[in-house]
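Undergrad: As a plain string of letters, each chain reads:
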Amino acid sequence: MTEITLTLNINGRDVTRAAPAHYSLLRWLRDAASVFDVKYGCGEGVCGTCTVLVDGAAASSCIVLAAQVAGKNVTTLVGLGVDGELGPIQEAFVDHGASQCGFCTPGMVLAAHELLSSGEALDRAQIRHAIQGNLCRCTGYQAIVEAIVSLVPETAGSDS
Amino acid sequence: MKPFEYERAGDIGEALELLRAHGPGARILAGGQSLLPMLNLGLYEPDILIDIGSIPRLSDIEVSGDALVIGAMTRQRSVELDDTVRSRQPLLADAIGHVGNTRVRNIGTVGGSIVHNDPAAELPLVMVVLDANYELTDGVSRRKVKAEDFGVGSFETSIREGEVLTAVEVPTLASDWRWGFREFSYRPGDFAVAAAAVIARFEGNELAEVQVGITGVGGGPVRCASFEEAATGRSVDQLGEIESLVTTEVDYVMEGLESSEYRAHIAGVMTTRAIVDAFERSREDNRS
Ligand SMILES: Cc1cc2nc3c(=O)[nH]c(=O)nc-3n(C[C@H](O)[C@H](O)[C@H](O)COP(=O)(O)OP(=O)(O)OC[C@H]3O[C@@H](n4cnc5c(N)ncnc54)[C@H](O)[C@@H]3O)c2cc1C
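In order, the protein sequence lines correspond to chains A and B. The first sequence: position 118 = 118 (our numbering), numbered continuously. The second sequence: position 280 = 1280 (our numbering), numbered continuously.
To be clear, the hints were calculated from the coordinates, so they are not data collected in a lab. Beta carbons are placed, not taken as given, at the ideal position from N, Cα and C, and that holds for glycine. Where hints are given, some of them may not hold.
Quick list of the computed label-pair ranges, beta carbon to beta carbon [to be verified]:
(1) B/GLY1010 / A/SER34: 30 to 36 Å
(2) B/GLY1065 / A/SER34: 18 to 24 Å
(3) A/GLU91 / B/SER1235: 54 to 60 Å
(4) A/GLY119 / B/THR1084: 43 to 49 Å
Derived contacts from chain B toward chain A, CB cut-off under 8 Å, selection only [said to hold, decoys possible]:
(5) ARG1103
(6) ILE1107
(7) PRO1171
To spell it out: a stretch of chain A is covered by chain B in this simulated footprint if at least three of its residues, at any positions, have a beta carbon under 8 Å from a beta carbon of chain B; those stretches are [said to hold, decoys possible]:
(8) 18-31
(9) 35-45
(10) 58-65
(11) 84-98
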């Protein structure tokens, strides 16, 4: 088994580990770097549970090799916190009860972060479209959408 | 998953060298958005993946005369958001937005989608409708292949062992042509049950010229020559009568959750709607 040594910047900190070359980013984070806020969902990139940001853009860490993103900045849910406290998106999720069993929450919050980072006004339809690739098996989408709506400067349009 | 080795190629020459050295057990890794799900599911066990993700200039989008030249490693999301693509070939920018979810498009590439050749993929469809060309090299010789001749069947293309796709050459939309793209899928982000892509030039209410393709129906994208011929000179409100011609060139209509008759029907409906969208766009432009 071929091991390779990689350095990834995880939530602002350089982390160097030797691990098998075939490790996905998800497995590398969990098994080599002990980053446990990234969760395994489907292994096919469909469910969004394992979402991380790579240089600010959302990716399914189960279908990206760690080696592919060597040297890049990887942000997990914890990285959206501010000085060890919850960040604004996390706060909004708490305030709106946007988390039931919680398994989809890291991916949802990171998807919301990517969506909101454009700074553009969004309506509910656009928000629903943007999180279409993140599945909540509790089906608690309404509260999740409301949490995101509360962070959009001017929310246009009606509920759809 | 069976362990494999990983190499990152610094340039095309190195990638081709590695492919040659490792033979059939080697695979090119672009975005991995089709390859890694397959590995996770145990559908394929390579000895080595050759990552072409950091080869310089392989992800450039350039204008060359009446065409866009898009590097094989260009991320799908970059194409979707690129101003040049949006203004010069809006069909491509729109259709690519139907691929999977944002995460897939952030990492997945143009070349990867074309070589993977999923029978319902949007990109190969658009390429066939637009008469795009693919540029391939094996290090010794380069060749250009017409998009329509590249796909052989589901997940099968005429790419040769040891060859790499380097770029696609996509004609831009002529100023008096309009476009339409329609896709039917059960949930947003799913692969299409059927999709249709169209470019057309109108004279009044009539189709003066039209290029049409469908996917999801046969083993890949199909150019609908019989339909194109029947539609030329016809008024846009009389397309329903010839809708069923879209599957003339399809040898065998796939069955999925739905019957092949239903799929064929949906392909016809998507085609008509895409043409009507193109027509609406031409009327809007005439008004403004
Ligand atoms: C959840 C999910 C949903 C999806 N939905 C859709 C969808 O709706 N529509 C759609 O079209 N696709 C969809 N896809 C697939 C996606 O578009 C992939 O990005 C694409 O099929 C492959 O591109 P890639 O860059 O990821 O290639 P990879 O997965 O890296 O490679 C795919 C294949 O192409 C070969 N290859 C790649 N690049 C080259 C090259 N330059 N030269 C030679 N060989 C090469 C590889 O060896 C491999 O065999 C989906 C994927 C996921 C995970």
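Undergrad: Hint by hint, note whether the structure agrees.
TA: Consistency of the hints with the structure:
1. Between B/GLY1010 and A/SER34 the Cβ separation comes to about 32 Å, which falls inside the hinted range of 30 to 36 Å.
2. Taking the beta carbon of each, B/GLY1065 and A/SER34 are about 54 Å apart, not inside 18 to 24 Å as hinted.
3. Taken as a hint, the range 54 to 60 Å holds for the pair A/GLU91 and B/SER1235, whose Cβ atoms sit roughly 57 Å apart.
4. For the hinted restraint 43 to 49 Å between A/GLY119 and B/THR1084, the CB-CB distance of approximately 23 Å leaves it violated.
5. At its closest, the beta carbon of B/ARG1103 sits 5 Å from a beta carbon of chain A; the interface hint therefore holds under the 8 Å criterion.
6. Contact between B/ILE1107 and chain A, as hinted, is supported at the beta carbon level, the nearest pair being about 5 Å apart and thus within 8 Å.
7. For B/PRO1171, the suggested interface contact is broken, since its CB lies about 29 Å from the closest CB of chain A, more than 8 Å.
8. Using a Cβ-Cβ cut-off of 8 Å, 4 residues of the segment 18-31 of chain A lie near chain B, which meets the minimum of three, so the contact claim holds.
9. Check result for the segment 35-45 of chain A against chain B: holds, 3 residues qualifying (beta carbon to beta carbon below 8 Å, three or more required).
10. Coverage of the segment 58-65 of chain A by chain B holds [criterion: at least 3 residues with CB-CB distance below 8 Å; count 7].
11. Using a Cβ-Cβ cut-off of 8 Å, 0 residues of the segment 84-98 of chain A lie near chain B, which falls short of the minimum of three, so the contact claim is violated.
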